[in-house]
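J.: The primary structure of each chain is shown beneath.
2 protein chains.
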Amino acid sequence: MDDLLRQVRDGRPRAIARLISLVENSETAAETAVTALYPHTGQAHVIGITGPPGAGKSTLVNELAKAFRRLDQPVGIIAVDPSSPFTGGALLGDRVRMRDLAGDRGIFIRSMASRGNLGGLAEATAAVIKILDAAGYPVILVETVGAGQAEVDIATMAHTTLVIEAPGMGDDIQTFKAGILEIADVLVVNKADRPGADRTIKSLELMLHLGAGPAVGHHGRLPAEAASEPLIADEVWSVPVQPTTAVNGEGIPELVDVIQRHWRYLQSSSNWLAKEKIRSRREMERLLQARLLRQLRVSVSLDLQEALITAVAAREMDPYTAVAHLFAKLSP
Amino acid sequence: MDDLLRQVRDGRPRAIARLISLVENSETAAETAVTALYPHTGQAHVIGITGPPGAGKSTLVNELAKAFRRLDQPVGIIAVDPSSPFTGGALLGDRVRMRDLAGDRGIFIRSMASRGNLGGLAEATAAVIKILDAAGYPVILVETVGAGQAEVDIATMAHTTLVIEAPGMGDDIQTFKAGILEIADVLVVNKADRPGADRTIKSLELMLHLGAGPAVGHHGRLPAEAASEPLIADEVWSVPVQPTTAVNGEGIPELVDVIQRHWRYLQSSSNWLAKEKIRSRREMERLLQARLLRQLRVSVSLDLQEALITAVAAREMDPYTAVAHLFAKLSP
Chain A
1 MDDLLRQVRD GRPRAIARLI SLVENSETAA ETAVTALYPH TGQAHVIGIT
51 GPPGAGKSTL VNELAKAFRR LDQPVGIIAV DPSSPFTGGA LLGDRVRMRD
101 LAGDRGIFIR SMASRGNLGG LAEATAAVIK ILDAAGYPVI LVETVGAGQA
151 EVDIATMAHT TLVIEAPGMG DDIQTFKAGI LEIADVLVVN KADRPGADRT
201 IKSLELMLHL GAGPAVGHHG RLPAEAASEP LIADEVWSVP VQPTTAVNGE
251 GIPELVDVIQ RHWRYLQSSS NWLAKEKIRS RREMERLLQA RLLRQLRVSV
301 SLDLQEALIT AVAAREMDPY TAVAHLFAKL SP
Chain B
333 MDDLLRQVRD GRPRAIARLI SLVENSETAA ETAVTALYPH TGQAHVIGIT
383 GPPGAGKSTL VNELAKAFRR LDQPVGIIAV DPSSPFTGGA LLGDRVRMRD
433 LAGDRGIFIR SMASRGNLGG LAEATAAVIK ILDAAGYPVI LVETVGAGQA
483 EVDIATMAHT TLVIEAPGMG DDIQTFKAGI LEIADVLVVN KADRPGADRT
533 IKSLELMLHL GAGPAVGHHG RLPAEAASEP LIADEVWSVP VQPTTAVNGE
583 GIPELVDVIQ RHWRYLQSSS NWLAKEKIRS RREMERLLQA RLLRQLRVSV
633 SLDLQEALIT AVAAREMDPY TAVAHLFAKL SP
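In order, the protein sequence lines correspond to chains A and B.
Quick note on numbering: the working numbering labels position 91 of the first sequence as 91, and the sequence is numbered without any gaps.
Residues are numbered in the working numbering as their position in the second sequence, beginning at 1, plus a constant of 332.
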């Protein structure tokens with residue numbers, strides 16, 4: 001493992017790929033890797049990219065990667081694709097991309113599919129981000145498919161979260177996606193050459209305007225207690241709406257500018273430490289829960305777990321009492 | 333408290349409202365109430381209703397409530413509305429509904445808004461469902477706004493989950509909502525009198541067809557290990573697509589039929605205990621995590637928490653080591 005970690009820090013792609021496979025398949029490996037690599041992380045700009053499949057997200061991620069490569073920045077790409085009967089196809093996505101970006105040693109691409117549960121996926125993604133960070137990729141693009149918790153989790157991992165939209169989605173939809181708009185640092189209207197793009201841009205701007213609340217607006221989902229250091233109100237990032245047409249590269253340089261401006265904003269702002277602490281607290285909460293569940297597997301026999309669950313399902317025992325039994329068995 | 337709980341079991345609306353307020357504001361009250369009422373629960377059919385705001389969900393919930401009332405069934409309605417700069421308005425929703433359903437003592441309506449964090453909201457909602465169940469409401473409608481974790485959490489609480497769509501949302505959208513389709517036991521296309529309704533119904537049916545995988549298709553998100561008792565393959569519920577026009581009541585009796593058919597399917601099926609156990613396990617996991625966080629607040633000083641978070645944010649300590657410190661402080 002030591003040798004592998006050294007090779008990862010030297011940026012050797014095969015070592016990186018091997019370590020990621022280890023980390024995906026074992027919580028212990030993730031712990032070992034992150035513990036060892038953590039002091040060497042914190043250099044990368046982690047950029048989350050999310051939005052509906054039809055919005056042209058993968059093309060946009062490709063174009064962003066190429067744009068950062070033109071700036072001589074090595075780029076790591078993590079495509080998070082929770083396995084689903086309706087989505088799937090992580091490998092195919094990789095292959096399409098591989099063809100386009102193949103042969104560029106400054107690009108590392110990895111698709112991750114859900115292994116059993118979403119918590120595990122978030123865990124593994126957090127570890128892979130750290131691996132690529134420690135391996136020396138200054139730009140890490142994390143792409144998520146679909147809606148829901150995965151997006152929110154990634155927003156807490158990414159420094160800059162792009163939410164991609166496309167014209168031709170009704171007004172209803174934009175309301176529907178309110179929860180996703182809240183995690184955006186930058187809104188991208190892709191396929192901006194299509195009819196209706198202006199209307200989409202205008203309604204997004206309107207929504208942002210309506211939603212503009214106090215200070216922490218775009219990270220409003222975090223529990224109030226998390227912001228132990230108050231964010232400073234006059235240093236609020238105003239979420240821009242950036243049009244792009246990824247298929248022909250239009251708007252991409254401007255988008256890169258916006259992304260870099262957000263990065264400079266984060267770093268120069270006195271909010272930096274406060275935001276890093278929010279991120280750290282989130283990660284620690286996730287790890288603590290994972291650890292609790294692991295401890296549970298170790299300390300409480302499957303038979304007892306099964307007996308308690310059955311008793312609760314049969315209304316013979318209430319869930320609080322059952323949980324008290326479980327909790328008593330945990331000896332940290 | 334004992335007196336209050338007795339009045340709740342007698343179905344007194346004012347006592348129910350008071351207990352819900354207590355439960356919303358205190359985890360201890362939730363524990364006391366659920367522990368006491370749990371043996372009297374398990375009678376109600378819990379129906380989750382979710383979908384985008386534009387789909388006419390509230391009107392549909394109203395019409396459903398009236399339809400169940402015509403069958404002489406008391407109905408409890410819980411509207412879950414995570415506070416958001418973009419949504420809000422739980423109270424207004426109540427008032428609109430109140431006007432329509434006012435004076436019917438067989439209907440109890442409660443709106444719940446997020447108090448700080450989504451975990452707390454799921455917790456409180458689970459407790460309120462049990463209160464209404466123990467108070468004797470045989471039908472409980474739980475309405476959620478927006479997309480994301482709230483829907484998934486509710487799907488694990490509800491016996492029957494309706495996902496409401498409306499015509500006029502592009503094809504992209506339907507792909508986008510794949511994650512939400514997965515939680516549906518019944519798909520409702522509301523505003524079915526609008527142009528494009530047929531197309532929406534057809535594309536939903538196509539998606540359901542494409543997504544039809546092995547046995548547990550529509551609950552595919554649950555971790556494999558949760559299904560400790562395997563679901564039986566030849567007793568699979570085939571998700572129907574039901575058109576409605578809630579504003580004039582069209583399709584509502586048919587929807588009620590479908591809902592009741594799903595309820596009978598659940599009860600007659602040998603999957604019943606397996607599904608109850610999945611629900612119980614989920615609830616216990618949620619309670620265990622809540623308990624862990626509470627224990628953390630009690631056992632670890634804020635100063636130490638703050639010091640660890642700061643050390644992680646400053647890369648002076650890795651998150652696994654920090655979590656090990658926290659975990660060691662927990663004495664269950």
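One or more of the hints may lead you astray.
Now the in silico label distances, taken between C-beta atoms and shown as ranges [what the hints assert, rightly or not]:
| id | chain 1 | residue 1 | chain 2 | residue 2 | range |
| --- | --- | --- | --- | --- | --- |
| 1 | B | Q592 | A | W263 | 53 to 61 angstroms |
| 2 | A | R12 | B | E638 | 35 to 43 angstroms |
| 3 | B | G374 | A | Q260 | 51 to 59 angstroms |
| 4 | A | L296 | B | S601 | 27 to 35 angstroms |
| 5 | A | Q260 | B | A639 | 52 to 60 angstroms |
| 6 | A | R199 | B | D530 | 24 to 32 angstroms |
| 7 | A | L273 | B | T653 | 39 to 47 angstroms |
It is worth saying that the hints were derived from the structure and are not from the lab.
In this text, a Cβ means the ideal position worked out from N, Cα and C, and glycines have one as well.
J.: So, for every hint listed, does it hold in this structure?
T.: Quick rundown of the hints versus the structure:
1. Q592/B x W263/A: 53 to 61 angstroms: Since Q592/B and W263/A have Cβ atoms about 56 angstroms apart, the given range 53 to 61 angstroms holds.
2. R12/A x E638/B: 35 to 43 angstroms: holds, 38 angstroms
3. G374/B x Q260/A: 51 to 59 angstroms: holds, 57 angstroms
4. L296/A x S601/B: 27 to 35 angstroms: holds, 30 angstroms
5. Q260/A x A639/B: 52 to 60 angstroms: violated, 33 angstroms
6. R199/A x D530/B: 24 to 32 angstroms: holds, 26 angstroms
7. L273/A x T653/B: 39 to 47 angstroms: Since the Cβ atoms of L273/A and T653/B sit about 20 angstroms apart, the hinted range of 39 to 47 angstroms is violated.
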